[in-house]
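Model the full assembly from the supplied sequences, consistent with the hints where possible.
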Amino acid sequence: MNALVERKPLKHRLIAWLGKLYPMAKRWLYHFHGGVFPKYHKSLSNRHPLLEDYIPDLLTLPVQQHLGVATEPLVQVGDRVLKYQRIADTNKGLSAPIHAPTSGYVTAIEPRILPHPSGLPGLCILIEPDGEDQAQPLTPAKSPATPQALKKLVHEAGIVGMGGAGFPTFAKIPDQRGCIEHLIINGAECEPFITCDDQLMQHKAQAIWRGAEIVAQSLGIPRVLCGIEDNKSQAIEAMNDALSGLSTASHEQTSFEVHPVATVYPMGGQEQLTQELLHLEIPSDKHAIEVGVLMMNVATLAAIAEAADEGKPLISRYVTVSGMGLEHPFNANVLLGTSFQALAEKASPKTALTYPLIQGGPMMGISMHSNNVPVIKTTNCVLANPPEAVEPAMPCIRCGECMDACPIQLLPQQLYWHSRSHEYDKVKDLSVFDCIECGCCSFVCPSHIPLVQYYRHAKSEIVRIEKEDAAAELAKQRHEFKQARIEKAEKAKKARLQAKKDAVKKQAAGKKPATGAAAAKARAAAAAKKAAAAKTTNQSETSPSEKPAQTAREKAMAAAKARAQKAKNQADNAPNTDSATTSTAEDKRKAAMAAAKKRAKTRQKTETGASPLKASDNAQSESDDKRQRAMNAAKQASKKGESSVSQEAGTKADTTAPTQDKRKAAMEAAKKRAKARQMQQTTPDQTESDQASDTED
Amino acid sequence: MIEALIVFLALAVIFGLLLGYAKIKFKVEGNPVADQIDNILPQTQCGQCGFPGCRPYAEALAEGKSEVNLCVPGGHEVMIQISEITHREPKEMDETKAPPDEPMVAVIDEDLCIGCVHCIKACPVDAIVGATKMMHTVIEKECTGCELCVPVCPVDCIDMVPQRPTPQTWHWPEPIANSLERRS
Numbered sequence: 001m002n003a004l005v006e007r008k009p010l011k012h013r014l015i016a017w018l019g020k021l022y023p024m025a026k027r028w029l030y031h032f033h034g035g036v037f038p039k040y041h042k043s044l045s046n047r048h049p050l051l052e053d054y055i056p057d058l059l060t061l062p063v064q065q066h067l068g069v070a071t072e073p074l075v076q077v078g079d080r081v082l083k084y085q086r087i088a089d090t091n092k093g094l095s096a097p098i099h100a101p102t103s104g105y106v107t108a109i110e111p112r113i114l115p116h117p118s119g120l121p122g123l124c125i126l127i128e129p130d131g132e133d134q135a136q137p138l139t140p141a142k143s144p145a146t147p148q149a150l151k152k153l154v155h156e157a158g159i160v161g162m163g164g165a166g167f168p169t170f171a172k173i174p175d176q177r178g179c180i181e182h183l184i185i186n187g188a189e190c191e192p193f194i195t196c197d198d199q200l201m202q203h204k205a206q207a208i209w210r211g212a213e214i215v216a217q218s219l220g221i222p223r224v225l226c227g228i229e230d231n232k233s234q235a236i237e238a239m240n241d242a243l244s245g246l247s248t249a250s251h252e253q254t255s256f257e258v259h260p261v262a263t264v265y266p267m268g269g270q271e272q273l274t275q276e277l278l279h280l281e282i283p284s285d286k287h288a289i290e291v292g293v294l295m296m297n298v299a300t301l302a303a304i305a306e307a308a309d310e311g312k313p314l315i316s317r318y319v320t321v322s323g324m325g326l327e328h329p330f331n332a333n334v335l336l337g338t339s340f341q342a343l344a345e346k347a348s349p350k351t352a353l354t355y356p357l358i359q360g361g362p363m364m365g366i367s368m369h370s371n372n373v374p375v376i377k378t379t380n381c382v383l384a385n386p387p388e389a390v391e392p393a394m395p396c397i398r399c400g401e402c403m404d405a406c407p408i409q410l411l412p413q414q415l416y417w418h419s420r421s422h423e424y425d426k427v428k429d430l431s432v433f434d435c436i437e438c439g440c441c442s443f444v445c446p447s448h449i450p451l452v453q454y455y456r457h458a459k460s461e462i463v464r465i466e467k468e469d470a471a472a473e474l475a476k477q478r479h480e481f482k483q484a485r486i487e488k489a490e491k492a493k494k495a496r497l498q499a500k501k502d503a504v505k506k507q508a509a510g511k512k513p514a515t516g517a518a519a520a521k522a523r524a525a526a527a528a529k530k531a532a533a534a535k536t537t538n539q540s541e542t543s544p545s546e547k548p549a550q551t552a553r554e555k556a557m558a559a560a561k562a563r564a565q566k567a568k569n570q571a572d573n574a575p576n577t578d579s580a581t582t583s584t585a586e587d588k589r590k591a592a593m594a595a596a597k598k599r600a601k602t603r604q605k606t607e608t609g610a611s612p613l614k615a616s617d618n619a620q621s622e623s624d625d626k627r628q629r630a631m632n633a634a635k636q637a638s639k640k641g642e643s644s645v646s647q648e649a650g651t652k653a654d655t656t657a658p659t660q661d662k663r664k665a666a667m668e669a670a671k672k673r674a675k676a677r678q679m680q681q682t683t684p685d686q687t688e689s690d691q692a693s694d695t696e697d
Numbered sequence: 001m002i003e004a005l006i007v008f009l010a011l012a013v014i015f016g017l018l019l020g021y022a023k024i025k026f027k028v029e030g031n032p033v034a035d036q037i038d039n040i041l042p043q044t045q046c047g048q049c050g051f052p053g054c055r056p057y058a059e060a061l062a063e064g065k066s067e068v069n070l071c072v073p074g075g076h077e078v079m080i081q082i083s084e085i086t087h088r089e090p091k092e093m094d095e096t097k098a099p100p101d102e103p104m105v106a107v108i109d110e111d112l113c114i115g116c117v118h119c120i121k122a123c124p125v126d127a128i129v130g131a132t133k134m135m136h137t138v139i140e141k142e143c144t145g146c147e148l149c150v151p152v153c154p155v156d157c158i159d160m161v162p163q164r165p166t167p168q169t170w171h172w173p174e175p176i177a178n179s180l181e182r183r184s
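Protein chains in written order, with our numbering: chain A, 1 to 697; chain B, 1 to 184.
A couple of the hints might just be wrong.
[As the list claims (entries may be wrong)] In the DMTMM-like style, the derived pairs of lysine to aspartate or glutamate whose C-alpha atoms are separated by at most 25 Å in a straight line are:
| hint | chain 1 | residue 1 | chain 2 | residue 2 |
| --- | --- | --- | --- | --- |
| 1 | A | K493 | B | D126 |
| 2 | A | K428 | B | E174 |
| 3 | B | K141 | A | D89 |
| 4 | A | K476 | B | E63 |
| 5 | B | K65 | B | D111 |
| 6 | A | K459 | B | D126 |
| 7 | A | K467 | B | D156 |
| 8 | A | K500 | A | E490 |
| 9 | B | K97 | A | E468 |
| 10 | A | K172 | A | D230 |
[As the list claims (entries may be wrong)] Label pairs and their calculated CB-CB ranges:
| hint | chain 1 | residue 1 | chain 2 | residue 2 | range |
| --- | --- | --- | --- | --- | --- |
| 11 | B | E84 | A | A503 | 41 to 51 Å |
| 12 | B | P32 | A | G93 | 34 to 44 Å |
| 13 | B | P173 | A | L411 | 21 to 31 Å |
| 14 | B | V155 | A | G93 | 28 to 38 Å |
| 15 | A | V291 | B | K121 | 46 to 56 Å |
Honestly, the hints are just simulated from the structure, not real lab data.
The beta-carbon is built from N, C-alpha and C at its ideal position, and this holds for glycine as well.
This is the structure:
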């Protein structure tokens with residue numbers, strides 16, 4: 001550092017002299033590309049004393065003050081909250097809890113306009129301070145020794161990146177020791193007007209170093225560098241002085257250095273400061289952590305020190321209230337949730353604040369849709385610059401100034417052309433996502449084209465298109481999946497029906513071969529079947545529903561009638577109750593059911609003993625039931641048959657042949673009938689299957 | 001003379017075999033034009049084109065069996081893209097069916113829902129969960145805003161609600177180029 005200070009004046013003088021001939025000679029003073037030299041106006045707010053202990057009338061605390069997921073309120077309207085009390089938290093993802101900045105009552109939890117470029121409302125917790133500033137007892141945590149302990153501490157204190165990004169700090173800290181080689185303390189503060197980090201370094205240099213020490217010790221970082229722009233000489237001095245306050249042990253483990261850096265915008269950018277201090281360019285596809293660099297803002301480190309040593313969560317921050325429209329700009333340690341309007345009023349505005357206030361500096365700041373928005377964890381400046389006449393944008397003259405000014409060596413002109421003609425894929429190919437939106441290109445543009453606006457729009461448009469594509473792809477997949485599922489269900493249903501059919505067929509087939517002692521029974525059963533078959537055909541002939549199929553069956557019916565007559569002679573006692581069963585069971589369940597219904601009707605007339613068939617029976621149990629009855633019938637028949645067998649003992653072979661013949665004929669008849677019925681029932685069958693699918697769904 | 005014939009015959013056979021092999025080896029399944037069209041369709045599966053989903057419409061377009069201006073949610077932009085792919089004349093969109101100005105999602109009024117499962121069957125992307133006689137609800141993330149569930153509801157408890165931007169989903173507007181800048 002000493003070497004730097006000794007060498008610099010000469011170089012500075014030389015370049016200052018050269019700058020008269022060639023203004024851009026100043027760019028030789030630092031190591032990154034581009035950069036601009038705006039008017040800083042820092043003395044406006046720097047010359048006034050720091051304002052502390054200001055408690056406003058109302059605190060508005062948005063539940064989301066960071067990147068990531070919004071927190072959920074833990075308090076209810078009407079509750080009294082104490083200073084440091086946790087009032088909102090969530091465990092749903094990347095977030096940081098929010099604590100009450102002072103004691104008071106929760107008056108409302110409702111959407112309020114946020115300090116966000118959209119000007120949209122978001123959920124806020126409104127606290128009316130009671131002026132007592134009563135604090136909850138604090139429990140100072142032990143100095144964290146491991147990265148996990150540090151992460152826990154930082155998360156519970158609700159600390160987020162206070163330089164402006166608002167990324168929850170705990171998520172930035174790596175999980176392992178020793179993977180970080182350099183901790184860079186960002187005290188560059190390159191935006192014009194803003195002096196809050198400068199003030200913080202002057203007032204709380206000890207705390208900043210203490211915070212750096214805690215982080216360095218828990219992560220095992222060998223080198224800590226503090227980059228401060230050389231226009232903040234008092235801050236450099238204060239930081240150098242405070243270095244001696246650190247323990248000798250930590251000085252042995254870690255080297256702490258202060259590096260004055262050239263005053264150029266945007267020196268405070270993460271990439272730029274890393275490049276300046278370490279001559280290391282962070283690749284666009286990597287995080288700084290992956291190249292062994294961790295960068296933290298001075299305010300973040302001071303907050304970590306307070307959280308570790310005193311157990312204080314983040315409830316206030318240094319804010320610059322400045323601008324050309326204010327008589328007495330100042331810096332203040334402001335409670336989170338204080339409204340912009342109240343702060344600006346305190347600085348005695350020159351004219352009424354009818355113009356929008358700006359959050360942040362003039363280069364990257366965002367003008368607010370309402371002046372009543374609150375200070376949040378990332379607010380570093382409230383700027384009141386009365387609106388000036390805006391130079392109208394002129395056509396691009398392709399001068400290339402923007403390209404020379406771009407600190408990350410993009411091609412702003414190309415990006416502009418493609419963004420304007422909505423060629424977002426080309427904009428993306430030109431790495432628009434590496435753009436840090438510093439505004440150097442717009443600053444130097446002689447045509448006053450709002451270039452950064454175009455890039456911001458292009459970025460959000462690319463994100464939107466990608467989201468839409470992803471949604472379309474998801475919808476497509478889900479639609480295809482639904483289609484496939486329906487198809488599969490239909491196939492499964494068909495297969496089930498087929499399996500049932502096959503099973504019934506098998507049963508029927510299993511009955512055919514009859515040998516030895518069972519032969520007589522089987523024969524008798526067959527005779528009974530034939531009788532029944534004949535009967536059902538007779539019935540179906542009369543039923544009007546079967547008419548369309550009649551022609552197909554007429555021949556079979558005539559034959560069946562004749563056979564039935566014969567069979568009646570043979571098996572007189574065979575009860576007609578039972579069972580065309582085995583044969584009818586061959587067709588579909590529905591066919592069987594229809595037949596059974598008809599039979600049941602006639603049976604009701606003729607018989608009383610037989611149990612009525614339930615149409616709702618499933619095919620298996622129904623056919624089993626029927627088979628049982630058929631067996632009974634067959635026994636009876638066989639008794640009768642026995643007598644005839646005893647009479648014509650020698651002619652057994654002769655009788656078997658005709659009965660088999662008859663059985664075949666009956667089977668054929670039954671099959672034909674089944675087919676006809678199937679054809680006829682296709683329509684009701686369909687509706688029924690639809691219903692079935694409905695219930696399945 | 002005969003050598004020439006033999007040489008050319010041999011060449012013809014070789015190339016014939018090559019072509020035959022290439023046809024089998026590099027066979028393209030399905031219609032690539034249909035895939036291309038399917039990719040630009042919005043995949044809401046709303047059926048407003050008269051086809052049961054986006055894919056069938058894309059296939060009909062690829063075979064030249066359908067008009068280019070039937071995709072209502074896609075609007076004018078998609079119509080132009082379709083006519084570019086199919087090399088057909090762009091047609092004016094049907095003015096009576098305009099796409100919604102902002103993205104919509106279906107929302108079930110859970111107090112009114114009787115659990116009839118009609119909407120579940122109608123949803124082309126399975127974005128409604130529920131069971132018979134149980135309350136149903138829409139998975140907002142997966143709803144395509146096709147409105148197919150609205151007419152089938154017997155108690156009219158489904159409403160189409162525009163998705164309002166939140167600070168997280170908000171997009172930077174495009175800067176308005178003035179007449180001077182636009183001259184460039």
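Tested hints:
1. The hinted pair formed by K493 of chain A and D126 of chain B meets the criterion: a straight-line CA distance of about 21 Å does not exceed 25 Å.
2. A C-alpha spacing of about 16 Å is found between K428 of chain A and E174 of chain B, which places the hinted pair at or below 25 Å, so the restraint holds.
3. Under the criterion of a C-alpha separation no larger than 25 Å, the hint pairing K141 of chain B with D89 of chain A is consistent with the structure, at around 24 Å.
4. At most 25 Å may separate the alpha-carbon atoms for a hinted pair to count; K476 of chain A and E63 of chain B meet this at roughly 21 Å.
5. Proposed proximity of K65 of chain B and D111 of chain B is contradicted: the alpha carbons are some 45 Å apart, above 25 Å.
6. Proximity of K459 of chain A to D126 of chain B is assessed by CA-CA distance (about 32 Å); at most 25 Å being required, the pair is judged violated.
7. Restraint check for K467 of chain A and D156 of chain B: the C-alpha separation of about 31 Å exceeds 25 Å, so the hint is violated.
8. Taking the CA atoms of K500 of chain A and E490 of chain A, the gap is near 16 Å; set against the 25 Å cutoff, the hint holds.
9. Restraint check for K97 of chain B and E468 of chain A: the C-alpha separation of about 22 Å stays at or below 25 Å, so the hint holds.
10. Of the pairs offered as hints, the one joining K172 of chain A and D230 of chain A is violated, with about 28 Å between alpha carbons and a cut-off of 25 Å exceeded.
11. One distance hint, 41 to 51 Å for the beta-carbon pair E84 of chain B and A503 of chain A, is violated here, with the actual separation near 58 Å.
12. Take P32 of chain B and G93 of chain A: their Cβ atoms lie about 41 Å apart, and the range 34 to 44 Å holds.
13. For the hinted restraint 21 to 31 Å between P173 of chain B and L411 of chain A, the CB-CB distance of approximately 24 Å keeps it satisfied.
14. Range check, V155 of chain B to G93 of chain A: about 37 Å between beta-carbon atoms, so the 28 to 38 Å window is met.
15. Between V291 of chain A and K121 of chain B, the C-beta spacing of about 55 Å keeps the proposed range 46 to 56 Å intact.
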